[in-house]
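A.B. asks: Start counting at 1 in the sequence shown, then tack on 1, and there's your number in this note's numbering.
Hints in this document: simulated from the structure, not taken from any laboratory. Source: prediction; values computed, not measured. There could be a bad hint or two in this list.
Using 30 Å as the maximum straight-line C-alpha spacing, the simulated DSBU-like pairs for lysine-lysine come out as follows [stated by the list, open to error]: (1) K86 - K115; (2) K445 - K403; (3) K86 - K118.
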Amino acid sequence: MTLRRRLYFAAGILVAIVSLLGLLLLRSVETTGVDQIDQQLRTALPVVISLDPPSKPPGLPQPSLSHVPDNNSRISAFYVAMISKGHRTVLFNPLNGGGASPQVPGVATIVGSKVIKISTVGSLSGSAQWRAVLISSPSQHRELVVAASLAQVDATANRLRLAVIVAGLVALAVLIAAAVWVVRLGLRPIADVTEAADAIAGGDRTRRVVGPEGGTEAAHLARAFNLMLDEQQSLESRLRQFVADASHELRTPVSVILGVTDLWRQGELRSGDARDDAMRRIGQSGAQMAGLVEDLLLLARLDEGRSLSSGLVDLSRLIDAVVEDASATHPLRTVCVDAPGPIMVEGDESSLRQVIVNLVTNSLSYTPPTAAITVHAASQGDKVVLEVEDTGPGMSSYDASKAFDRFWRAEASRTRPGSGLGLSIVAGIVAAHNGEVMLASDIKSGTEVRVVLPSTQDMINAVWIS
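The whole structure should be built from the sequences, with the hints applied where relevant.
C.D. replies: The structure is reproduced here in C-alpha cells:
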C-alpha cells in the first residue's frame, strides 16, 4: 500500500470515528432527556391517580380536576385524559403540547403495580412524540392516559444534531485541506524524486528534482538527491577524464616501443649504433611507463584510504637529502635550504620524501636556470610548515586553480616531460597525513607551495632529551 493510500485510509478512519462520536453524543443527549421525562412521569402518577374522580353513571359529564389548585401546578406540564367506554375526556392539556393529543399506549399499567410501563407514542394528528403511561383501573372500568411531550427533547437533539453536522463539516474541510497540504508539500516531492530516479534508471542522467524551497524535510531530500546525482556525475566525468588522460600519457611510450620493434622486424636496425639507440629509446619509454604506472598505483592506494606506515620522521634531514640529490642531477642550479632541525613529524618517511621531491622537481623543471629556489621548513606551534618557493615565472590564476588536478599541465609546460600527477600525489599524501597543501602563484613573482602537517611536540622533546 502506498503512503498516499495509507493517508487516505487513516483520514477515512478518523472521519468514521468522529461520526460515531457525534452519533453517540446525540444518542446520549436524547436518552438523558427521555430519562428525565420518565422520572417526571413517575413522580406525577401518584398525584394523577389521587385526583381521579369517582365514576358516575354513563351519559353524565365527568367532573374536572381543575378545581384542585395545589396539584394543578404539579401536573400542568402533562397531558391527562380519561378513557371510558372508548370515549376520551381531556383533563389537562400541557402548554408545550401544541394542542395535540397522544395516542393510547399499547401496554397498560394496573393501578397499584410496582412496574410502570412507559412507552413512546405518536400524536393523533401531527408528528409530535410523547412519553405516555396508560393506567388501567379494572374496578372502575376506565383508564387514564398520562403523557409528556418530547418536543423539548427533540428540539434540543435537533440543535445538537445541527451543531454536530456543522462541526463535522468544518472538521472534514480542515482535514481535506490538511491532507492536500500534506500531499502537496510532503508526498509530491517524494513522487518527484521517484520520477527522477526512474528517468535516471531509464538513461536520462541529466534529470534532476525540482524540489520546493525552504527548510522542509522534502526540500532537504530533493537537495540531497540532486547533490548525490551531481557528485556521481562529476565522479564519472573525472573517471572518464582520468582514463582518457592516462591513455594519452601511455600512448607516446607505447608508440615508441611499437615503432622500434617494427623497425627491428623490418631489419632496419642492423648497425650497432642503431640498435643501441633503439634500446635506449625503449628503456626511456619503459621507464616513463613504469613511473606513470607507479604514480597511478600510489594515487589508487591513497584514494582507497589505505593506511601508510607511521613513524617519527625528521623533515629537515629529508630536505637536505632531496636537495643534495637535486644538486647532483641539476649541477647548474642552486637550491637554498632554510630548515634548522630537527623538525619531527609523524608519518611515512618514503611518502614525505616523495612530497619534497615532487615539489623541488617541479620548481627545477618549470623555471628557468636563473630562477632562485628556496625550501623553508619550521615548527609553528602544533604545526610543521614546509614551503617550496621559486622566483618564477609563475602560473596564471586559472592554471593555479587547476594545479592539483590529475594530468593537468599548463599549455606552456606541455612540451616538457611529465605526466601532470606530481602535485596530485603531493595533495594525496598530505591529506593522508591529516595535513593541507596550498599554492600561491603569480606570473611575475613566481610560485609558492605551502604544506602544513601536524607536529609531534612530545616526540620532539623525547628526541632532544635522548
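A.B. asks: Hints first: check each against the structure and report whether it holds.
C.D. replies: Tested hints:
no.	hint	result
1	K86 - K115	holds, 26 Å
2	K445 - K403	holds, 19 Å
3	K86 - K118	holds, 22 Å
Checked against the numbered hints above, the structure breaks none of them.
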